[in-house]
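Trainee: Build the full structure now, drawing on both the sequences and the hints.
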Amino acid sequence: MDKTNIPKAYDAKQVEDKIYSAWEKSGLFNPDKAPDRDKRKESFSIVLPLPNVTGTLHLGHAAMLAIEDIMTRYARLQGKDTLWVPGTDHAAIATESVVIKNFQAEGIEDPRAKFGREELVKHISDFVEDSKKTMRSQIRKMGASCDWSREKYTMDLSLSRCVHEVFKKMYDDGLIYRGHRIVNWDPKMQTTVADDEVEYVERKEPYYTFQYGPFQISTSRPETKFGDKYVVVHPDDKRYAKFKNGETFECEWISGKITATVIKDAEIIDMEQGTGCMTVTPWHDKADFDLAERHGLEKEQVIDYDGKLLPIAGKLAGMHIEKARPKVVEILEEKGLLVKTEESYEHNVALNYRGKGMIEPQIMEQWFIDVNKQVVSWKKKKMSLKEIMQDVVKSGDIKIIPERFEKTYFHWIDNLWDWCISRQIWWGHRIPVWYRGEGKDRVTYVGVTPPDGDEWEQDPDTLDTWFSSALWTWSTLIDPELTEDHSLSFQDLLEKSPDFQKFHSTNVMETGYDILFFWVARMILMTTYMVSDVPFDTVYLHGMVRTREGKKMSKSDPETCIDPLEIIPKYGADALRLSMIVGQSPGNDFRLYEEKIGGYRNFVNKLWNASRFVQMKCEDEGVDPHTVAGGGGGAELSLADRAMQSSLDSLIADVTKGLDEYRLSEVGEKLYSFIWDYFCDWYLELSKGETNINMLVGTLRTFLVLLHPYCPFVTEELWEHFKFEKSEGMLISQPWPVHSDPARQDKDAERDFQIIIDVISAIRSIRADQGVEPGLKLKVIIHTKKHLELLESQQEHIERLAKLSELSIDSDPVKHENAASAFLKDIEVHIPLEGVIDFEKEREKLGKEKEKLESFMKGIESKLNNKKFVSNAPAEVVDTEKDKLKNAQDKLNKIEERLKTLK
RNA sequence: GGGCGAUUAGCUCAGUUGGUCUAGAGCGUCUGGUUUACACCCAGAAGGUCACAGGUUCGACCCCUGUAUCGCCCACCA
Numbered sequence: 000m001d002k003t004n005i006p007k008a009y010d011a012k013q014v015e016d017k018i019y020s021a022w023e024k025s026g027l028f029n030p031d032k033a034p035d036r037d038k039r040k041e042s043f044s045i046v047l048p049l050p051n052v053t054g055t056l057h058l059g060h061a062a063m064l065a066i067e068d069i070m071t072r073y074a075r076l077q078g079k080d081t082l083w084v085p086g087t088d089h090a091a092i093a094t095e096s097v098v099i100k101n102f103q104a105e106g107i108e109d110p111r112a113k114f115g116r117e118e119l120v121k122h123i124s125d126f127v128e129d130s131k132k133t134m135r136s137q138i139r140k141m142g143a144s145c146d147w148s149r150e151k152y153t154m155d156l157s158l159s160r161c162v163h164e165v166f167k168k169m170y171d172d173g174l175i176y177r178g179h180r181i182v183n184w185d186p187k188m189q190t191t192v193a194d195d196e197v198e199y200v201e202r203k204e205p206y207y208t209f210q211y212g213p214f215q216i217s218t219s220r221p222e223t224k225f226g227d228k229y230v231v232v233h234p235d236d237k238r239y240a241k242f243k244n245g246e247t248f249e250c251e252w253i254s255g256k257i258t259a260t261v262i263k264d265a266e267i268i269d270m271e272q273g274t275g276c277m278t279v280t281p282w283h284d285k286a287d288f289d290l291a292e293r294h295g296l297e298k299e300q301v302i303d304y305d306g307k308l309l310p311i312a313g314k315l316a317g318m319h320i321e322k323a324r325p326k327v328v329e330i331l332e333e334k335g336l337l338v339k340t341e342e343s344y345e346h347n348v349a350l351n352y353r354g355k356g357m358i359e360p361q362i363m364e365q366w367f368i369d370v371n372k373q374v375v376s377w378k379k380k381k382m383s384l385k386e387i388m389q390d391v392v393k394s395g396d397i398k399i400i401p402e403r404f405e406k407t408y409f410h411w412i413d414n415l416w417d418w419c420i421s422r423q424i425w426w427g428h429r430i431p432v433w434y435r436g437e438g439k440d441r442v443t444y445v446g447v448t449p450p451d452g453d454e455w456e457q458d459p460d461t462l463d464t465w466f467s468s469a470l471w472t473w474s475t476l477i478d479p480e481l482t483e484d485h486s487l488s489f490q491d492l493l494e495k496s497p498d499f500q501k502f503h504s505t506n507v508m509e510t511g512y513d514i515l516f517f518w519v520a521r522m523i524l525m526t527t528y529m530v531s532d533v534p535f536d537t538v539y540l541h542g543m544v545r546t547r548e549g550k551k552m553s554k555s556d557p558e559t560c561i562d563p564l565e566i567i568p569k570y571g572a573d574a575l576r577l578s579m580i581v582g583q584s585p586g587n588d589f590r591l592y593e594e595k596i597g598g599y600r601n602f603v604n605k606l607w608n609a610s611r612f613v614q615m616k617c618e619d620e621g622v623d624p625h626t627v628a629g630g631g632g633g634a635e636l637s638l639a640d641r642a643m644q645s646s647l648d649s650l651i652a653d654v655t656k657g658l659d660e661y662r663l664s665e666v667g668e669k670l671y672s673f674i675w676d677y678f679c680d681w682y683l684e685l686s687k688g689e690t691n692i693n694m695l696v697g698t699l700r701t702f703l704v705l706l707h708p709y710c711p712f713v714t715e716e717l718w719e720h721f722k723f724e725k726s727e728g729m730l731i732s733q734p735w736p737v738h739s740d741p742a743r744q745d746k747d748a749e750r751d752f753q754i755i756i757d758v759i760s761a762i763r764s765i766r767a768d769q770g771v772e773p774g775l776k777l778k779v780i781i782h783t784k785k786h787l788e789l790l791e792s793q794q795e796h797i798e799r800l801a802k803l804s805e806l807s808i809d810s811d812p813v814k815h816e817n818a819a820s821a822f823l824k825d826i827e828v829h830i831p832l833e834g835v836i837d838f839e840k841e842r843e844k845l846g847k848e849k850e851k852l853e854s855f856m857k858g859i860e861s862k863l864n865n866k867k868f869v870s871n872a873p874a875e876v877v878d879t880e881k882d883k884l885k886n887a888q889d890k891l892n893k894i895e896e897r898l899k900t901l902k
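Residue numbering for the first sequence follows numbering that gives the first Met the number 0, beginning at 0 and increasing consecutively.
The reader is advised that the hints may include incorrect statements.
[Stated by the list, open to error] Taking CB as the label site, the calculated pair distances span:
(1) K398 - I311: 50 to 60 Å
(2) T448 - K378: 29 to 39 Å
(3) D878 - D588: 50 to 60 Å
(4) R403 - F723: 41 to 51 Å
(5) D882 - S531: 42 to 52 Å
(6) K656 - D623: 33 to 43 Å
(7) D453 - L156: 19 to 29 Å
(8) K378 - R403: 46 to 56 Å
(9) T448 - S343: 52 to 62 Å
[Said to hold, decoys possible] Computed list of lysine-lysine pairs in PhoX-like fashion (alpha-carbon distance at most 20 Å, straight line):
(10) K385 - K372
(11) K851 - K890
(12) K393 - K378
(13) K883 - K862
(14) K372 - K398
(15) K339 - K355
(16) K40 - K501
(17) K656 - K79
(18) K17 - K40
Because the hints were derived from the structure by calculation, they are not lab data. From a predicted model like this one, the values you see are computed outputs, not experimental measurements. Positions of the beta carbon are idealized from the N, C-alpha and C atoms, including for glycine.
Mentor: Now the structure itself:
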């Protein structure tokens, strides 16, 4: 009969939802409801990197949630005032394009025209509400311990207030301006796109060379060439030395005779490339635009905002550029101006990262943030936004993990242009600018609230979605009720919001390295500017999840794409979490596949069964696990117990230090192998013979706390069975275990326990070789060098241990039937030392080891004698060196002793 | 073109400022094992000149230089 009330196998599906609701019910995700809130001094806060509302949870989110939840739960267990704010992003372009696509699939060709602004926005809002519901339930599935009572959304009224406050302040400071600039225009979505949101895709297209007066120019885009009336060459190019800058000539071109001007420019021209000359299209090319600005050239629009040719194209006017291309080539060919066609020329085509529409650069009036104007006060100096962004990372105010991304970050900032923040879509924060009147009498109003009067008209554009996301660390912490009171200044809002005062700046920003620029950099920009503080102290960047083959996971490929929502019921959220943490290092991509997750499911099950075993033990001993106090229980501890106690102490120290330094993978691995290899396979096996139930239960409880950040569900479930009657509440709010002074650790016990382990291992080997002749069996025992050493040098111990394990050692051959019973019954084991050890080889080996040790010690000694090293290196480093030396000396002594005995 | 990284067992990856690392884990492979914690298990084995070539050092997977292959980011291709 089963002596345990714990089911035989862990069924994640059955317990996870139940436990999550219990946590929510307890209110412990909310720092305000922490039972000992007043005592909590230190605070820890983190914001959820707002998943956008367009989709469902994917593995990237799952990894992010797992990492952040570990950080959050660890802080909470440590007794910090812990807040993790969840929320979602309205994801302007992404969301609008999804909704429009959905309508188009229903047969509504142009939803904008059909519904108009107000109605379409309403439809998008409804869609967003649905998505948010889905996201919420999925985040819960992962076990994320975020405070749902503080959930935020970038379009909330309180967050919109922040957006307006920032816009107004930046406008007043002259950091936001409106101007005609060349922007990335997406004719499909009818909006501008930020530089970062443009992606380049390689395409093979024909490449044409045309005669342009005395010059030959090459292009893959002849349809833009109608307005070209400048030809540019390098000032040092000897081939064109006879032409002077500004010289004009007449030539035949697409729509007839034109007058062209020669421009000499060293910056834009690469003499080596092609013919070394080109014509320019300032309206539709950024480099050409800059050239035109430098030389004061005329700019002319050729393509309209729908991607169709303008009247300048003559008879081709109104035609879409894609259709017009062959026509233009045809016209020029007829005129005899086509020199050659290169069929598959490889070049990059610019696409919108959202929606994949082709980008057509256009000159448009847009809103920009000036990143170079030195008007912001920071550290008592006037600096530009760009300089502040550099400063906070350079000075170490913000630390990026892994460090190498700091270089990437600086590189990006060096190449940063003014940020175009206006978008021509309807979904998003509308720009808080109103106009009245026409022409010269036009008045502009910029404000947090709309101006009084009816005759005002608001700017039709919306803000880039990252504008509001960039405020996330603090806009979510401002008290929403206060934001309704417009008599309060922005400073008042900050000062009167308790959450902001307590939790900002946040401790860590955890996100994928792919949005370092999009988001992390912009949070730094906005927060330093607006709040005069950094948004977070540490940036932890995780890698991208890849398939077994190393490809990006994409939803369109269900073969390789793993859906967390299918995995969780099958393997459990705990297993999924472990599989995405252990063995991964920050900033590096990692591959995930089902077997990996299965492996961690096995670990969870192992822990589960070990707990069952402990419970059975309790039953055997007639104790209720809840009344067991832990520790040694006052009884004299066996060697094994002392060893476990001591190792556990080091484990706690390692786990604590590791988590403090965000080394999640390493800590996870340590817990995994400690629990499985050391606790289950040795300590539990040993306790089959002799048990200190206090130690057993106490150790298990410690594991549950240590492992809780990684596997919250299974540990919480097991806690129910093992919690001490006097401890209050759920595992989630227990105190983190403390470890004792390392000097007090029982190193002897640890070492001796290692010997037990080895002896048992040896006994098991005999067993494994049953059926083989007795003499050979014994050789197997001592085959491994470690055993040779241990058995020889620790014979005394072994005899003691044999007694402890109810083994007896004498010269009789092996009589036992199997090894496990060795701990329970009287068994005799024969371990002959004589004749198996090759003393000659031993001496040789020890001699080599001695030599090595001596040179090692010499090195360290010289290091310690070096005054420069001692005075410059931190005290810790010097101490470790000293320890090393001491250990080496100990070891050397032992070797010498052994060499003596071998003689 | 500029930058950043990777290269460690059949596969996927760890390896914490150079030394107790004769380099580890998981999966896979092979051998043996089922006595009530667990076959989602236990014991054991095989498998690596840490990409290559130099250098620094008493000592290099780790630091430096170069080479090769792969990947990512940025810029650009008139």
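Trainee: All the hints need checking, so say for each whether the structure fits it.
Mentor: Verification of the hints:
1. K398 - I311: 50 to 60 Å: holds, 54 Å
2. T448 - K378: 29 to 39 Å: About 33 Å separates the Cβ atoms of T448 and K378, which means 29 to 39 Å holds.
3. D878 - D588: 50 to 60 Å: Given about 38 Å between the Cβ atoms, the range is violated.
4. R403 - F723: 41 to 51 Å: holds, 46 Å
5. D882 - S531: 42 to 52 Å: holds, 45 Å
6. K656 - D623: 33 to 43 Å: Taking Cβ atoms as reference, K656 and D623 lie about 35 Å apart, which means the hint holds.
7. D453 - L156: 19 to 29 Å: holds, 23 Å
8. K378 - R403: 46 to 56 Å: The hint (46 to 56 Å, Cβ to Cβ) is violated, given that K378 and R403 are roughly 26 Å apart.
9. T448 - S343: 52 to 62 Å: holds, 57 Å
10. K385 - K372: Holds. K385 to K372 sits at ~9 Å (cutoff 20 Å).
11. K851 - K890: holds, 12 Å
12. K393 - K378: holds, 14 Å
13. K883 - K862: The given pair, whose Cα atoms are some 12 Å apart, holds under the 20 Å limit.
14. K372 - K398: Between K372 and K398 the Cα gap is close to 26 Å, so the pair fails against 20 Å, i.e. violated.
15. K339 - K355: With a Cα-Cα distance of about 31 Å, the restraint between K339 and K355 is violated, given a limit of 20 Å.
16. K40 - K501: holds, 10 Å
17. K656 - K79: holds, 16 Å
18. K17 - K40: At roughly 32 Å apart (the allowed maximum being 20 Å), K40 and K17 break the hint.
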